[in-house]
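J.: Residue strings, one per chain:
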Amino acid sequence: MHEHSLIANLLSRIDAIACQHSAKRVVGVSVWIGALAHISAGHFREHFEDGSRGSLAQGARLDIEVSDDPEHPQAQDILLRSIEVV
Amino acid sequence: MTETTRTIEVNQLARVEGEGALHLAIDGGQLTVAELRIFEPPRYFEALLRGRDCREAPDITARICGICPVAYLMSSCAAIEDLCGLRVPAPLVDLRRLLYCGEWIESHVLHMFMLHLPDFLGYPDAVSMAREHGDLVRAALRIKKAGNGIVALLGGREIHPINVRIGGFYRLPTRAELAPLRDELAFALDAAEQALVPLAALDFPDFERDYTFVALRHDSEYPMGRGRLVSSDGVDLPVARYDDYLTEHHVRHSTSLHSRTADGGVVHLGPLARYALNHDRLTPRARAAAAAAGLPPVVRNPFRSIQVRGVEVVLALEEALRLIDGYVPGDTPAAAFEPRAGIGYGATEAPRGVLYHRYAVDAAGLITDAKIVAPTSVNQAVIEADLRHYVEPNLHQPDEALRAVCETAIRNYDPCISCSAHFLKLTVERR
Ligand SMILES: [Zn+2]
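The listed protein sequences derive, respectively, from chains V and P.
Counted the way the working numbering counts, the first sequence spans residues 1 to 86.
Counted the way the working numbering counts, the second sequence spans residues 1001 to 1431.
Everything labelled a hint here was simulated from the structure, so no lab data went into it.
One thing to keep in mind: the hints can contain errors.
[To be verified] The list that follows gives simulated cross-link-like pairs (lysine to any residue, SDA-like), each with its CA atoms no further than 20 Å apart:
1) P:LYS1425 x P:TYR1390
2) P:LYS1145 x P:ALA1179
3) P:LYS1371 x P:THR1247
4) P:LYS1425 x P:ARG1403
5) P:LYS1145 x V:HIS72
6) V:LYS24 x P:VAL1010
7) P:LYS1425 x P:VAL1391
8) V:LYS24 x P:GLU1009
9) P:LYS1371 x P:THR1261
10) V:LYS24 x P:GLU1003
11) P:LYS1145 x P:LEU1321
12) P:LYS1371 x P:LEU1048
13) P:LYS1145 x V:HIS43
14) P:LYS1371 x P:PHE1045
15) V:LYS24 x P:THR1005
16) P:LYS1145 x V:ALA35
17) P:LYS1425 x P:LEU1395
18) P:LYS1425 x V:ALA8
19) V:LYS24 x P:THR1004
20) P:LYS1145 x V:GLU71
21) P:LYS1145 x V:SER67
22) P:LYS1145 x V:GLU65
23) P:LYS1145 x V:GLY42
24) V:LYS24 x P:ARG1006
25) P:LYS1371 x P:PRO1238
26) P:LYS1371 x P:GLU1248
27) P:LYS1425 x P:ASP1125
28) P:LYS1145 x P:ILE1324
[Stated by the list, open to error] Stretch by stretch, here's where chain V covers chain P in the computed footprint (C-beta under 8 Å, at least three residues):
29) 1123-1130
30) 1133-1144
Every residue, glycine too, gets a C-beta built ideally from N, C-alpha and C.
Between the sequences and the hints, there should be enough to build the whole structure, so can you do that?
T.: What follows is the structure, encoded as structure tokens:
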């Protein structure tokens, strides 16, 4: 259940940032997943591909870095690092 | 022509939002309303299932939740197998129990140590807790990983398994593939017993309620994938009669339905219920862990669910080792069957309690109607009642403190609706 809301939030941010920069499309998305974020890279990818259909980020390349440090200050979070646009 | 791409640095947090909302109304120092709203996807899935082949139901419903997909797979398979009169061979039943053990371990450890324990120790989240309790958090992550290992091997991947089908599996693991899990599980079993020690010393709120517990019960095992539906007030029914006992009603304040017994009663599902109704079915080390934690055979303090989950983690690890040691691959990965028309019923013990599925299927094997009752929606009425009792003495506190109190009480039940540190949209109306 929590994935739905997470991906929806992420995609709306990506769309908003792409629009601010008058981008036509988002071709790459780079995220960082904390060790305690309760989501695996594969699972995230699947939800992202599902959720991005029909958005500016449809078909975008996804770069995911998964941290294994539970003491990282953002270990429970998912960080949107950068997006690549055309 | 190549388009030029530009990279925009963002570095923003992605957040889980809008999953739960709680409305409190306080009138002259009295709490008059405590309404919890939760987002409930099963509704959409029930509609989506109509017209689909019944063999697709397990994979479709497994998508409802990333924390307990195995539970959805298992209840769905049980219902379709019931419908087709399919008997699953014992080695496959065992393998399913092993898979379920994996999910209990993952889900319980996540719930206990990452989401629930920080409340008791006074940290805003597991990360701040890790700074001072690094060893405990690392041990928890390793125990959880042992559970993930089972799900990854038997399910084909770590989250949203794809190797389960009606009648069994697509592919059976070899003994050689299961063997490497063993060492890690044995380590995790010792670590889980150790991790229960600091939990026994926690300062639990002095709060007990007289719940009607409902869980599955089986002749020979602590319930996971099968059993009859029993309650602490003497109900004992086959799963096919679930609807005679619990019915769902719309309530004005939530998109999810409220479950009630015929006489309007509210029931409590989950670890406390399973434990109270199946204490005699605990495995030896789980029973010893419960005794060492000072748990009586019936626990009525919902805050102590963190300890009962810990006992169930010990049990799941012990069971996983037993099942791996006894595993002999059968000659067939799944029992053969032909869909037929009828109604099938299935219930299994998801980490958060009984998960019930009912399907009506036509002669072509297509689903004409589906009903899925997630434990969180059944527990919603109990959570609201807990909140009413627990929040009452704290009403003078400012909203922020009140929110923390409410979140802790809700986290006794479900991390699915409370997975971010400050998930709760709390509205307080003071008159
Ligand atoms: Zn769940």
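J.: With reference to the structure, classify each hint as holding or not holding.
T.: Do the hints match the structure? See the list:
Among the hinted pairs, LYS1425 (chain P) with TYR1390 (chain P) is consistent with the structure: their alpha-carbon atoms are about 18 Å apart, no more than 20 Å. Between the alpha carbons of LYS1145 (chain P) and ALA1179 (chain P) the distance comes to roughly 16 Å, so the proposed pair stays at or under 20 Å and holds. Between LYS1371 (chain P) and THR1247 (chain P), the direct Cα distance comes to roughly 11 Å. Compliance with the 20 Å bound is thereby established for this hinted pair. Of the supplied pair hints, the one linking LYS1425 (chain P) and ARG1403 (chain P) holds, its CA atoms being roughly 9 Å apart against a limit of 20 Å.
About 18 Å separates the Cα atoms of LYS1145 (chain P) and HIS72 (chain V), which keeps this hinted pair within 20 Å; it holds. Taking the CA atoms of LYS24 (chain V) and VAL1010 (chain P), the gap is about 18 Å. The hint holds against a cut of 20 Å. A threshold of 20 Å between alpha carbons decides the hint, and for LYS1425 (chain P) with VAL1391 (chain P) the separation of about 16 Å falls inside it, so the pair holds. Distance hint between LYS24 (chain V) and GLU1009 (chain P) is fulfilled; the C-alpha atoms sit about 17 Å from each other, no more than 20 Å.
Taking the CA atoms of LYS1371 (chain P) and THR1261 (chain P), the gap is about 17 Å. The hint holds against a cut of 20 Å. In summary, the hint linking LYS24 (chain V) to GLU1003 (chain P) is supported, as the alpha carbons are separated by about 11 Å, within the 20 Å threshold. Distance restraint check for LYS1145 (chain P) and LEU1321 (chain P): the Cα-Cα separation of roughly 15 Å lies within the 20 Å cut-off, and the hinted pair is therefore satisfied. Taking the CA atoms of LYS1371 (chain P) and LEU1048 (chain P), the gap is near 11 Å; set against the 20 Å cutoff, the hint holds.
Between LYS1145 (chain P) and HIS43 (chain V) the alpha-carbon distance is near 16 Å, which keeps this suggested pair within the 20 Å criterion. A hinted pair counts as satisfied when its Cα atoms are at most 20 Å apart, and LYS1371 (chain P) with PHE1045 (chain P) qualifies at roughly 9 Å. Restraint check for LYS24 (chain V) and THR1005 (chain P): satisfied, since their Cα atoms lie roughly 10 Å apart, inside the 20 Å limit. As the CA atoms of LYS1145 (chain P) and ALA35 (chain V) are separated by approximately 12 Å, the hinted pair is consistent with the 20 Å bound.
With a C-alpha separation of about 17 Å, the suggested pairing of LYS1425 (chain P) with LEU1395 (chain P) holds against the 20 Å cut-off. For the given pair, LYS1425 (chain P) sits about 18 Å from ALA8 (chain V) by alpha-carbon distance, which is consistent with the 20 Å threshold. For the suggested pair LYS24 (chain V) and THR1004 (chain P), the alpha carbons sit about 11 Å apart, so the restraint of at most 20 Å is met. A hinted pair counts as satisfied when its Cα atoms are at most 20 Å apart, and LYS1145 (chain P) with GLU71 (chain V) qualifies at roughly 17 Å.
Our distance criterion of 20 Å between C-alpha atoms is met by LYS1145 (chain P) and SER67 (chain V), whose separation comes to about 15 Å. As the CA atoms of LYS1145 (chain P) and GLU65 (chain V) are separated by approximately 18 Å, the hinted pair is consistent with the 20 Å bound. Pair hint LYS1145 (chain P) plus GLY42 (chain V) holds up; C-alpha atoms about 16 Å apart against a cutoff of 20 Å. Taking the CA atoms of LYS24 (chain V) and ARG1006 (chain P), the gap is near 11 Å; set against the 20 Å cutoff, the hint holds.
About 17 Å separates the Cα atoms of LYS1371 (chain P) and PRO1238 (chain P), which keeps this hinted pair within 20 Å; it holds. A distance of roughly 11 Å separates the Cα atoms of LYS1371 (chain P) and GLU1248 (chain P); the hinted pair therefore holds under the 20 Å criterion. This hinted pair checks out: LYS1425 (chain P) and ASP1125 (chain P) have alpha carbons roughly 17 Å apart, not beyond 20 Å. With a CA separation close to 17 Å, the supplied pair LYS1145 (chain P) and ILE1324 (chain P) stays within the 20 Å bound.
Remark: the stretch 1123-1130 of chain P is confirmed as covered by chain V, as 4 of its residues place a Cβ nearer than 8 Å to a Cβ of that chain, reaching the required three. Look at the stretch 1133-1144 of chain P against chain V: 4 of its residues bring a Cβ nearer than 8 Å to a Cβ of that chain, three or more, so the hint holds.
When the structure is compared with the earlier hints, no violation turns up for any of them.
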